[in-house]
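**Student:** Just so you know, the sequences run in chain order A and B.
Mapping to full-length UniProt numbering: the first sequence position 120 is 120, numbers consecutive.
Mapping to full-length UniProt numbering: the second sequence position 13 is 13, numbers consecutive.
Since the hints were derived computationally from the structure, they do not count as laboratory data.
Keep in mind it's a predicted model, so treat the numbers as computed, not measured.
The hints are all genuine.
Identical chains blur together in the list; that is why a pair holds if it fits in one copy or across any two.
With a Cα cut of at most 35 angstroms, we get these calculated DSBU-like pairs of lysine-lysine:
{"id": "1", "residue 1": "K113", "residue 2": "K240"}
{"id": "2", "residue 1": "K170", "residue 2": "K301"}
{"id": "3", "residue 1": "K147", "residue 2": "K240"}
{"id": "4", "residue 1": "K240", "residue 2": "K170"}
{"id": "5", "residue 1": "K82", "residue 2": "K42"}
{"id": "6", "residue 1": "K301", "residue 2": "K113"}
{"id": "7", "residue 1": "K170", "residue 2": "K113"}
{"id": "8", "residue 1": "K42", "residue 2": "K113"}
{"id": "9", "residue 1": "K301", "residue 2": "K147"}
Number of protein chains: 2
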Amino acid sequence: MTTLMNRQYYLASRPAGAPDSSNVPARDVPVPEPADGEVVLKNLYISLDPAIRGWMGDDPNYIEPIALGDAVRSSVIGRVVKSDSPDFAEGDVAMTVGAWEAYTRVPGVMLNKLDEAAGIPLSTYLGVLGPTGLTAYFGLLDVGRPKAGDTVLVSAAAGAVGSVVGQIAKMQGCRVVGMAGTDDKCRWLEEDLGFDAVINYKQCGDYEAAIRVACPKGVDVYFDNVGGEIFDAALLCLNKFARVAVCGWISTYNVPDAPGPTNLWQLVAESVTVQGFTVIDYMDRFPEGIAQLAEWVVAGKLQFREEIVDGLDNILPTFLRLFDGSNQGKLVIRIPEE
Amino acid sequence: MTTLMNRQYYLASRPAGAPDSSNVPARDVPVPEPADGEVVLKNLYISLDPAIRGWMGDDPNYIEPIALGDAVRSSVIGRVVKSDSPDFAEGDVAMTVGAWEAYTRVPGVMLNKLDEAAGIPLSTYLGVLGPTGLTAYFGLLDVGRPKAGDTVLVSAAAGAVGSVVGQIAKMQGCRVVGMAGTDDKCRWLEEDLGFDAVINYKQCGDYEAAIRVACPKGVDVYFDNVGGEIFDAALLCLNKFARVAVCGWISTYNVPDAPGPTNLWQLVAESVTVQGFTVIDYMDRFPEGIAQLAEWVVAGKLQFREEIVDGLDNILPTFLRLFDGSNQGKLVIRIPEE
Chain A
1 MTTLMNRQYY LASRPAGAPD SSNVPARDVP VPEPADGEVV LKNLYISLDP
51 AIRGWMGDDP NYIEPIALGD AVRSSVIGRV VKSDSPDFAE GDVAMTVGAW
101 EAYTRVPGVM LNKLDEAAGI PLSTYLGVLG PTGLTAYFGL LDVGRPKAGD
151 TVLVSAAAGA VGSVVGQIAK MQGCRVVGMA GTDDKCRWLE EDLGFDAVIN
201 YKQCGDYEAA IRVACPKGVD VYFDNVGGEI FDAALLCLNK FARVAVCGWI
251 STYNVPDAPG PTNLWQLVAE SVTVQGFTVI DYMDRFPEGI AQLAEWVVAG
301 KLQFREEIVD GLDNILPTFL RLFDGSNQGK LVIRIPEE
Chain B
1 MTTLMNRQYY LASRPAGAPD SSNVPARDVP VPEPADGEVV LKNLYISLDP
51 AIRGWMGDDP NYIEPIALGD AVRSSVIGRV VKSDSPDFAE GDVAMTVGAW
101 EAYTRVPGVM LNKLDEAAGI PLSTYLGVLG PTGLTAYFGL LDVGRPKAGD
151 TVLVSAAAGA VGSVVGQIAK MQGCRVVGMA GTDDKCRWLE EDLGFDAVIN
201 YKQCGDYEAA IRVACPKGVD VYFDNVGGEI FDAALLCLNK FARVAVCGWI
251 STYNVPDAPG PTNLWQLVAE SVTVQGFTVI DYMDRFPEGI AQLAEWVVAG
301 KLQFREEIVD GLDNILPTFL RLFDGSNQGK LVIRIPEE
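Take these sequences, add in the hints, and give me the full structure.
**Tutor:** Right, here's the structure in full:
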């Protein structure tokens with residue numbers, strides 16, 4: 001029996017700001033044989049998401065922090081190379097919560113088999129048809145609750161979540177305004193995705209003034225991916241009974257002592273609801289969401305961008321690009337098959 | 001025709017911190033005769049509420065700020081002394097949005113007639129059967145949405161709103177924990193109102209630790225009257241899918257540059273909803289609320305404290321007692337009839 005060696009990026013220490021290679025070094029360890037219904041995947045795609053930064057800390061979170069010494073947790077898609085599960089054969093492709101590693105060993109019951117023959121690019125299941133697409137779908141429709149004619153403001157609008165939020169909001173008959181950090185991203189939102197207005201937040205100067213110009217009737221739904229000063233400015237522009245869907249606060253994850261927002265008095269002034277959520281809250285409705293998202297993708301109503309970077313050893317510097325905004329859409333590491 | 005002279009306390013300048021007599025001086029002006037369906041009330045009771053402090057500022061709010069030069073807006077109960085309205089006769093007693101003044105002239109359509117013969121103390125209509133009782137009723141039941149078995153935490157729990165919130169939560173089958181600022185208030189909550197636990201926030205030291213001790217199963221509903229550090233600490237103690245009903249943030253009203261909360265990441269970690277509201281949002285359901293509150297009061301299920309201070313000229317120092325917590329329940333100015 002061949003013993004496979006596993007390259008892993010693991011959490012050696014909890015980062016204070018941006019994680020570096022002392023926090024997340026590499027190691028090579030043997031992959032134990034599968035037993036008791038387990039399967040070993042050779043990973044093909046590893047998802048990079050802002051939420052992973054949260055799991056590297058030890059603050060209470062919606063799932064357990066990554067334990068020190070464990071490989072960094074991440075969604076992965078891999079090909080079965082060894083199986084002790086009756087449900088999986090060598091060669092099958094499946095998705096699971098794995099880690100930043102070449103091989104993932106996992107109980108078969110934790111795997112979702114993917115149909116490689118369906119012609120849908122596998123990486124899509126980590127993005128628009130996976131966690132980020134579902135986050136957008138449930139976060140906008142269930143938390144944001146947009147009505148036709150509402151103004152919907154989206155931050156990190158060119159990201160894997162924000163770009164889907166904006167397109168679904170357009171389909172609901174809303175006026176959609178996106179905030180992004182480059183002119184190229186803003187052009188894509190306006191020209192390709194049909195956003196009604198865009199704000200380049202790195203060049204607009206005063207956030208509140210820019211939002212008021214782009215949203216002359218105020219904001220009914222703010223889908224917040226960034227937090228910090230943009231969240232605080234958006235609060236000032238909310239209409240009566242506005243909803244704020246808090247998906248994540250990427251601007252603060254690497255900033256340990258970020259000051260808190262100062263405009264929360266708007267909650268009472270305008271009877272605003274601010275609601276945090278994670279996609280896990282909607283797990284029992286994933287089939288509904290995936291079916292709807294797939295229908296829209298196939299019909300050409302939902303566009304998406306992916307940026308696929310080859311090579312497991314590029315994973316940490318690629319992950320950090322989420323935080324400087326240099327990625328273009330859903331960010332995925334690919335490990336090419338020989 | 002007698003020209004009545006009106007003692008008014010009016011907004012001469014907007015206060016930065018606590019308002020003083022230079023911000024809110026007195027003046028004596030003639031009361032114009034009623035015309036076109038108007039009525040003149042001689043005020044008997046004037047309600048003192050934390051929200052009035054918000055209207056003294058010029059930040060956007062749920063209703064217009066008080067204009068400079070106008071008498072300070074407040075709910076009042078008065079006796080009709082002159083009437084040009086077919087619906088009101090001299091001697092009738094009615095409630096309206098009036099001001100810190102001896103006489104209020106108002107269109108008859110803005111008045112709610114009260115039945116003096118019903119045997120309910122008139123001041124009650126400014127408190128438990130009025131704005132503060134209704135704030136508690138709708139804020140707890142519609143915004144907080146408690147379920148039997150939930151732990152409900154209430155700040156400013158001995159106040160006119162908080163004390164009603166806690167008693168309604170008990171009737172819903174919840175475990176109720178109140179925070180108040182004196183041992184006497186805490187005793188009242190526990191011994192007379194049946195709260196399950198109390199926290200004297202001025203003596204407890206670390207707020208988070210005190211809340212965790214008093215709420216060993218975490219907090220499902222936090223009814224927030226105070227904001228500031230207590231809000232920030234309560235965030236850390238929330239359970240999954242907790243609801244925070246933001247009624248007002250009295251701790252910050254006189255503090256212009258209060259720092260923002262730093263624990264809002266809990267919104268995503270625990271999928272929390274933070275919802276601001278005002279009683280005005282529920283105006284179309286006031287009859288339902290008043291009927292239910294009155295039923296509970298008559299049945300002895302809902303207790304309340306009022307502190308009635310005689311004399312219009314005591315109004316400003318009495319108002320300030322809301323902010324040092326020295327009042328005992330609903331605070332009302334009475335202007336005795338000769």
